[in-house]
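**Q** Read off the chains here:
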Amino acid sequence: MTYCKLMLKHTCNWKVSENVKLYRIVDYTIDYYGYGALPLPFEINCLNSCHCFMHIIMMSDLVLLMVITYLTSLSGMCFSQSSKVYSLVYQDFAEDTYDKCVRLLNGTHEIGCQSSTEGNTGVLVHLNETAVLNKFLESGTRKHYVVLLESSLFERNIMLRLKAKENVQGVIVYEADNFYQRAWSPDLSCTSDRFGLYSNGSYGREYQECNNGAKLWNPLGDGITEESFPFPVFYMRSSSGRDRLINCYKDYNVPEAYPLCSVQMKSHMFGAVDSVTCTRRSNLQNSFTSVGYCDPLGGMNVVTSLQKMTSDVSSEKDSIILVSAALDSRSFMSSFTAPGADMATGFITLLGVANALGQLTKTQKLELSKNIMFILFDGEAFDHMGSTRMMYDMKNGDFPVNRDSEKTQPPPVNLTHVSHIFELGQLGYIRDGVWAHYNPISSKAVLNSVYDAINILQNLSASVPVQNQSTGIGLVPSSLQTILQHRDVPGVVLTDYDDQFTNRQYFSRFDTLKNILSLRYNQNTTDEQIMDLLQPIAQNLSNIATAIAKMLYLIAGGSHTSTSPLDNITVDQNMMNDLLYCFLYNPNCDLFNEHLPLNSKANLSSISYRRYTSVYTGEVSDYAGISMNILASFTGEKLQNFTECLSKSDDQTVRYFNMNGNRSVAEGVCILSSTFATKALAFPLETKKLQENIAMYGVWTESRWTKTTFRLRLFLLQDELSQGMVLLAGLLVMLTSFATVYVLNEKAAILFNTGIV
Amino acid sequence: MNLEKMQNAEKLKLCRRYYFGGFLALPFLWAVNAVWFVREAFFKPHFEEQAEMRKYVIRSTIGAVVWVAGIIAWNVIFQLNRASWGEVADRISYVIPTGIP
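These protein sequence lines are chains A and B, in that order.
Under the numbering used here, the first residue of the first sequence carries the number 1, and numbering increases by one thereafter.
Under the numbering used here, the first residue of the second sequence carries the number 1, and numbering increases by one thereafter.
Among these hints, one or two may not hold up.
[Stated by the list, open to error] Examples of chain A residues lying across from chain B (beta carbon under 7 Å, computed):
1. Q114
2. R244
3. H268
4. M269
5. F270
6. A272
7. V273
8. L284
9. N286
10. S287
Hints were generated in silico from the structure; no laboratory data involved.
By construction, the Cβ of each residue, glycine as well, lies at the ideal position given by its N, Cα and C atoms.
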């Protein structure tokens with residue numbers, strides 16, 4: 001037996017030759033290299049070299065076919081995205097051109113959106129008017145649709161109707177060119193009521209659920225934020241992307257014939273059911289490759305004490321005044337945009353008050369018989385996680401720092417030490433003054449303290465009149481509602497509204513600074529124009545902040561004599577202007593740069609903060625961090641000696657801040673302040689095990705997703721008949737090739753006959 | 001192993017080993033036993049050990065069928081009820097699917 005050489009040494013000839021030799025293909029590859037041969041499990045008899053060659057070609061074809069099939073089946077649809085074939089078929093949208101709706105979970109529900117693992121596909125349909133929408137809802141009969149929805153139609157009723165229509169596989173919302181943000185809020189109309197002061201049992205039953213629907217705080221709210229959609233929802237921000245989608249629809253889908261423009265949307269979320277389930281699943285380490293399913297939401301509260309807190313003095317009863325405001329915000333797509341400009345005016349006013357009181361000298365501060373603590377709560381937008389956690393910590397003696405006997409710590413503070421609480425709510429739309437809100441069913445003594453405080457404030461605030469809330473309504477939704485559930489303390493919430501929000505875009509993506517300034521959301525304005533337009537608001541806020549600061553000074557026991565510093569307590573309007581500009585428009589401003597940690601690498605972006613509390617990391621978030629530095633700088637003590645500008649780990653009564661300052665000195669500025677960062681995290685989520693009866697608290701978690709989870713792409717869909725034909729043709733080719741090879745092999749003797757057998 | 005070249009006594013020993021081995025929660029052993037020896041036990045001319053071999057083959061078949069039915073039943077029940085069983089189902093799952101209840 002001779003081996004069939006791969007390099008055709010013998011010419012292929014059809015003529016009859018003298019010798020009929022039988023060749024046997026053994027292992028042609030090894031033979032090619034001359035190492036010898038290994039018997040193959042199958043042996044093919046071939047009559048001459050041509051025949052052998054044919055067999056080799058077919059075998060290698062078969063091997064090649066198997067290899068290709070294996071590879072393509074492995075990669076599936078993922079032939080290289082940079083290959084030309086991919087771009088002939090698909091048109092991708094860059095991830096930063098659209099916002100996505102993700103899934104959040106709380107103790108009992110999941111909210112947000114979910115897609116299938118591979119992505120939801122559907123034929124594109126463009127709905128820009130109610131008439132078109134109604135027609136689609138009645139007559140859209142294809143198997144799958146993806147709806148391109150104009151943003152004026154994006155509201156709860158319409159989205160629920162689309163959800164009920166089972167063949168809608170995804171929604172992309174876009175803004176038309178002449179878009180104007182309408183008065184609408186995605187939040188619930190009776191907002192923040194789930195764990196409120198009147199939500200439990202018989203206390204304040206007449207105020208429950210916003211006076212049983214009669215007095216809605218947020219009447220423009222339809223509650224779409226709390227809905228759960230089984231399909232992805234994207235918000236197309238770029239106008240070029242929007243035009244691509246609209247043109248694709250016009251070109252291919254308006255004439256209702258194949259090929260049709262189709263869209264695939266992917267936003268697969270890992271979490272499901274509720275926080276209890278997904279946390280439990282994340283903690284069960286069943287295999288080495290277990291994925292986590294969700295992460296707790298939360299942040300850190302910022303607490304600053306006006307008087308330095310020393311470890312040797314314990315707090316006395318009624319010796320502390322709390323001044324608080326909420327830092328964070330949310331929207332339907334919180335992960336991508338949560339501007340909350342109106343909410344922000346509250347904590348910006350608090351910073352103004354802190355600045356005014358911080359300018360008292362050290363002796364003046366110590367002369368006050370009551371201490372003043374400024375608290376900025378994070379996580380308030382999600383069932384008041386920040387204030388709830390503070391109450392829990394206070395009860396366990398862990399406020400303002402976790403009890404640790406080995407360290408020098410400030411004395412623990414709880415509600416028995418608190419004499420008054422003042423909270424600053426939404427203050428962006430001050431027209432005729434502000435309203436003071438309180439709990440109308442507090443005890444007599446508490447209400448008397450409340451009325452006294454409001455009286456003092458009214459007398460001090462001439463330019464911004466302060467009015468009592470109307471009768472017949474309960475306390476406004478606020479952190480104070482959480483605090484009052486634990487103890488009846490005199491508390492006042494100051495807002496720019498009486499019985500309904502003046503903010504017409506509460507917790508919406510359109511609740512921006514431009515909205516407060518009555519500018520169009522997408523209008524082009526210069527920085528100088530913004531600064532000018534801010535002046536009236538800054539004036540109102542600085543006026544009310546001055547009045548609040550003076551009131552606090554008096555309530556804290558400050559002297560009222562002619563030599564008292566009372567009249568010198570003022571809040572600088574330009575500083576308020578800067579704060580508004582920096583927090584709500586462009587953080588890359590001088591004020592913020594001065595308050596960054598010395599030589600920090602972090603660069604301030606020019607896009608206003610997304611004040612979503614996001615996943616709990618144990619550190620202050622970016623907006624909370626800069627607020628903390630500003631608060632410490634306003635109320636703390638400026639040190640001249642820089643060698644010691646480092647916080648000591650075992651002295652937790654004070655913190656040192658080394659900030660940039662105005663860069664006149666290379667070492668920056670050193671501030672000493674009793675500032676603390678406390679957890680704003682629902683405490684059931686802190687331990688590994690979630691108890692079953694967590695219905696008392698808001699336990700919010702955010703679902704996890706992978707880096708490649710978001711995808712949006714366009715492609716053309718052929719009709720089913722064409723697709724079937726292509727498949728059939730392929731099958732036929734395959735079967736024909738099998739048949740041909742079989743026939744050739746059977747008749748090989750005749751075909752490759754070299755002579756008389 | 002080439003059954004052609006084995007003695008009948010050896011075949012019986014093998015069949016018996018597979019039969020007893022299957023009791024160690026090895027239904028596949030029973031299935032193999034049944035398939036492998038069915039021709040020997042039923043479709044060959046009679047030899048001495050055939051009666052016993054038939055016994056083993058039949059019992060192996062029955063055992064394999066019962067196991068398959070049980071596994072299919074458990075699989076169906078689990079797939080249908082995993083979501084509603086909550087914590088118990090999560091504890092006995094090796095891979096919990098993402099994004100669905």
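**Q** Does each hint fit the structure? Answer for all of them.
**A** Each hint tested on the structure:
With its C-beta approaching chain B no nearer than about 6 Å, A:Q114 sits inside the 7 Å limit, and its interface hint holds. The interface hint given for A:R244 is violated, since its Cβ lies 29 Å from the closest Cβ of chain B, which is over the 7 Å cut-off. A distance limit of 7 Å between C-beta atoms decides the matter here; for A:H268 the minimum to chain B is near 6 Å, and the interface restraint holds. Given hint, A:M269 at the interface with chain B, holds; its Cβ is 5 Å from that chain's nearest Cβ, closer than 7 Å.
Taking 7 Å as the C-beta cut-off, the interface hint given for A:F270 holds, the closest approach to chain B being about 4 Å. Proximity of A:A272 to chain B holds as hinted, the smallest CB-CB distance being about 5 Å (cut-off 7 Å). Taking 7 Å as the C-beta cut-off, the interface hint given for A:V273 holds, the closest approach to chain B being about 5 Å. Look at A:L284: its Cβ gets to within about 6 Å of chain B, closer than 7 Å, so that hint holds up.
Interface restraint check for A:N286: the shortest CB-CB distance to chain B comes to about 5 Å, inside 7 Å, so the restraint holds. Among the interface hints, the one on A:S287 holds; its C-beta lies about 6 Å from the nearest C-beta in chain B, closer than the 7 Å criterion.
Checked against the numbered hints listed earlier, the structure breaks hint 2 alone; every other hint is satisfied.
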